[in-house]
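There are 2 protein chains.
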Amino acid sequence: MPVNLPPPDPASLLPVAGVELGIARAGIRKPGRRDLLVMRIAPDSEVVGVFTQNRFCAAPVTLCRERLHLESGVRALLVNTGNANAGTGADGLRRAARTCAALAGLMGIQPEQVLPFSTGVILEPLPDDRIIDALPNAVADLRPDNWAAAAEAIMTTDIVAKAASRRLTLDGVEFVVTGIAKGSGMIHPNMATMLAFVATDAPVSCEALEAILRHAVNRSFNRVTVDGDTSTNDSCLLIATGATAAPVVMDDDDARFAPLRDAVTDLMVQLAQAIARDGEGATKFIEIAVEGGRDEDEAKRVAYAIARSPLVKTAFFASDPNLGRILAAIGYAGIDDLEVDGVRLWLGDVLVAERGGRAPDYREADGARVMAEADIRVRVDLARGHAATTVWTCDFSYDYVKINAEYRT
Amino acid sequence: MPVNLPPPDPASLLPVAGVELGIARAGIRKPGRRDLLVMRIAPDSEVVGVFTQNRFCAAPVTLCRERLHLESGVRALLVNTGNANAGTGADGLRRAARTCAALAGLMGIQPEQVLPFSTGVILEPLPDDRIIDALPNAVADLRPDNWAAAAEAIMTTDIVAKAASRRLTLDGVEFVVTGIAKGSGMIHPNMATMLAFVATDAPVSCEALEAILRHAVNRSFNRVTVDGDTSTNDSCLLIATGATAAPVVMDDDDARFAPLRDAVTDLMVQLAQAIARDGEGATKFIEIAVEGGRDEDEAKRVAYAIARSPLVKTAFFASDPNLGRILAAIGYAGIDDLEVDGVRLWLGDVLVAERGGRAPDYREADGARVMAEADIRVRVDLARGHAATTVWTCDFSYDYVKINAEYRT
Chain A
1 MPVNLPPPDP ASLLPVAGVE LGIARAGIRK PGRRDLLVMR IAPDSEVVGV FTQNRFCAAP
61 VTLCRERLHL ESGVRALLVN TGNANAGTGA DGLRRAARTC AALAGLMGIQ PEQVLPFSTG
121 VILEPLPDDR IIDALPNAVA DLRPDNWAAA AEAIMTTDIV AKAASRRLTL DGVEFVVTGI
181 AKGSGMIHPN MATMLAFVAT DAPVSCEALE AILRHAVNRS FNRVTVDGDT STNDSCLLIA
241 TGATAAPVVM DDDDARFAPL RDAVTDLMVQ LAQAIARDGE GATKFIEIAV EGGRDEDEAK
301 RVAYAIARSP LVKTAFFASD PNLGRILAAI GYAGIDDLEV DGVRLWLGDV LVAERGGRAP
361 DYREADGARV MAEADIRVRV DLARGHAATT VWTCDFSYDY VKINAEYRT
Chain B
1 MPVNLPPPDP ASLLPVAGVE LGIARAGIRK PGRRDLLVMR IAPDSEVVGV FTQNRFCAAP
61 VTLCRERLHL ESGVRALLVN TGNANAGTGA DGLRRAARTC AALAGLMGIQ PEQVLPFSTG
121 VILEPLPDDR IIDALPNAVA DLRPDNWAAA AEAIMTTDIV AKAASRRLTL DGVEFVVTGI
181 AKGSGMIHPN MATMLAFVAT DAPVSCEALE AILRHAVNRS FNRVTVDGDT STNDSCLLIA
241 TGATAAPVVM DDDDARFAPL RDAVTDLMVQ LAQAIARDGE GATKFIEIAV EGGRDEDEAK
301 RVAYAIARSP LVKTAFFASD PNLGRILAAI GYAGIDDLEV DGVRLWLGDV LVAERGGRAP
361 DYREADGARV MAEADIRVRV DLARGHAATT VWTCDFSYDY VKINAEYRT
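Going line by line, the protein sequences match chains A and B.
Take the first sequence: its position 272, counting from 1, is numbered 272 in our numbering, and each next residue is one higher.
Take the second sequence: its position 287, counting from 1, is numbered 287 in our numbering, and each next residue is one higher.
It cannot be assumed that every hint is accurate.
Because identical chains share one entry, a pair is satisfied inside a single copy or across any pair of copies.
[Claimed, not checked] With a straight-line Cα cutoff of 25 Å, these simulated SDA-like cross-link-like pairs (lysine to any residue) come out:
#  : residue 1 : residue 2
1  : K402      : A258
2  : K402      : D366
3  : K30       : G367
4  : K402      : G367
5  : K402      : V3
6  : K402      : S319
7  : K30       : P127
8  : K402      : D337
9  : K30       : D133
10 : K402      : R33
11 : K30       : K402
12 : K30       : E364
13 : K30       : Y362
14 : K30       : D171
15 : K30       : S319
16 : K402      : P2
17 : K402      : I376
Worth flagging that the hints you see were computed from the coordinates, not collected in a lab.
Here chain A stands alone, though its shape is the one from the complex (with noise of 0.2 Å):
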């Protein structure tokens, strides 16, 4: 069960001028889903994205990053669930481009202005056929309050849907942004390990959306993990429609820019969280804090080799505050010349290890205590540096393994 993550309230989700949002059924998977989203975009917005670094990337994706930076702009985004679309060679660039072609021909756009996105079992052929047949349906649903059922339509194993807005005031004027994304199992950098849509009415050049981007991308969507297992699709999307009408924000000289970027970030590490939240069989949300690396990324491959650890992950669903696992992963992250004697370990606010064994004043109650805590919080101290990361992650359960074993069933 998802971990103190209620679904959001549908009238918290502010509609974003220049953005409107379509749900049909294709039956892609199941029969009746509501399984595919047509975002429309208003002329002139703003898109930019990052995507996998898996080198199996699916089609879609292929097709993004060679639509992403086109002179004739984005106009539309075809959302499916139920397939990814992913190892499907030549064959899957083809279905892609089809179903495009077809949301282009029925919104009178061109096929290159539509951006494809899928997610779901990989190795199967897309049933585009399906796909177009629903895509009327879909345009006819076409409205600027649609964002919670969208959020709901781009679901796999997700079980609450992962929705969010935030409203801000820069010199005067009134800005919205809100944003959706889907994800469960198949969770880990680099990169977004899911799909995200993230929009705000605020006018933002190109420039100034992708720095912003990549500031909120790395502090959110890159530093959780479910399983360790990169996915073939992850993609997120940031847009900037520019309807609310007041000076574009050019670069980070602009006063909004900080503010912009701030909201934006703050949104999508709520979304990122969720993601966590909602992990695949999760029971226990884990944030974990390293601190006093050499740089950012020796104090990551920490953070990472404790938040993958399955013997970690175990140990947290079933409460054991079996701590020796964490000082194992630590040990085993890959810093050659680490020093275990410097290391300190903190559960919660509980000191569980220092000068390489147990703190002395530690008591197995206090661990057992935390543990019990459905949010836990998991700080190192590796006494080397100045350079810090946080991530997210969740437990490792029994209904991990349901899920994963059942997955197509």
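Please arrange chain B on chain A, whose structure you already have, making use of the hints.
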């Protein structure tokens, strides 16, 4: 349950002249359990070893490294299960040294001639008094034909004891190689991913024995992973007593070097595979053979990406040919310039994927047939060069979670 892994037949385990083994009950973790092993080694034996690369290595590993190449030589091994004596700092070193000194006193040798080995729970103090109290019984039990009981004494979550022998005749003289190993969870190179003790009565120089050990370990224990967690205690020792009269094997110019090396390697491969077959919760044994790499390192990276993926391992548990997960793992293994169109993937003898997608002749029923077997071979051709490697692992089941969630209860 262990996969195609019958327990060793005690009658098949050949004594090694110059090695005696004694077992006792120390009550380290469970009362009444035979949890303590002493091995007495004849004077002038050559002893070489490889140890974990985990920075949080256990106190006994630190002592072994210090003592292994002292001029006084190694005369005894002291092995306990139930407590890893890892994450125990300076106090752990003192306790390990105390137990060694006590054994040395009983045997009339020097304390630094005793090598300690521990396996079990991390971050808890070694009950050195209980070990010392049990040592006289272990010494009284010393005899050459005790290998089967020794293999049982070092088990932790192992279900089946792991032991094997080889007999070979070189230049008309018959030699014996016998070894035992333990390991079931926290299994991942480098290094040796468990405890293993292998002995031969052949006379071998220290240099030649080191070369044999490196060769054998790189083809055996360094190729097995259960959960990707590199233990704090991994140790593999190779002992040559030289008790059988023959000229010493000085180096690889000796015609007997290669057959002896191959016998040791063959035995260690059997023990390493036994660890994967008896991996925690295992229901499938999986061999992953990667060929066509530019170098062995990239072949290994791909093999381990597949072998470590929880998504791949749960699919094997479910006998579900959800083979896109293997493609995804190949794609994120870290070969940045991998051309996926050239990659081919076989499951058993069935060609599953080529040219970036599903092979035209692949039928799900063929994949399902292979998946239903207990011993499964995955073959990947990267089509980039001529380097190859093979690793062994097991699937990921409910019982893995159960065993590791309840490990300390």
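(request) If any of the earlier hints don't hold here, list their numbers in rising order. (result) Checked against the structure, the hints that fail are numbers 1, 8, 14, while the rest are satisfied.
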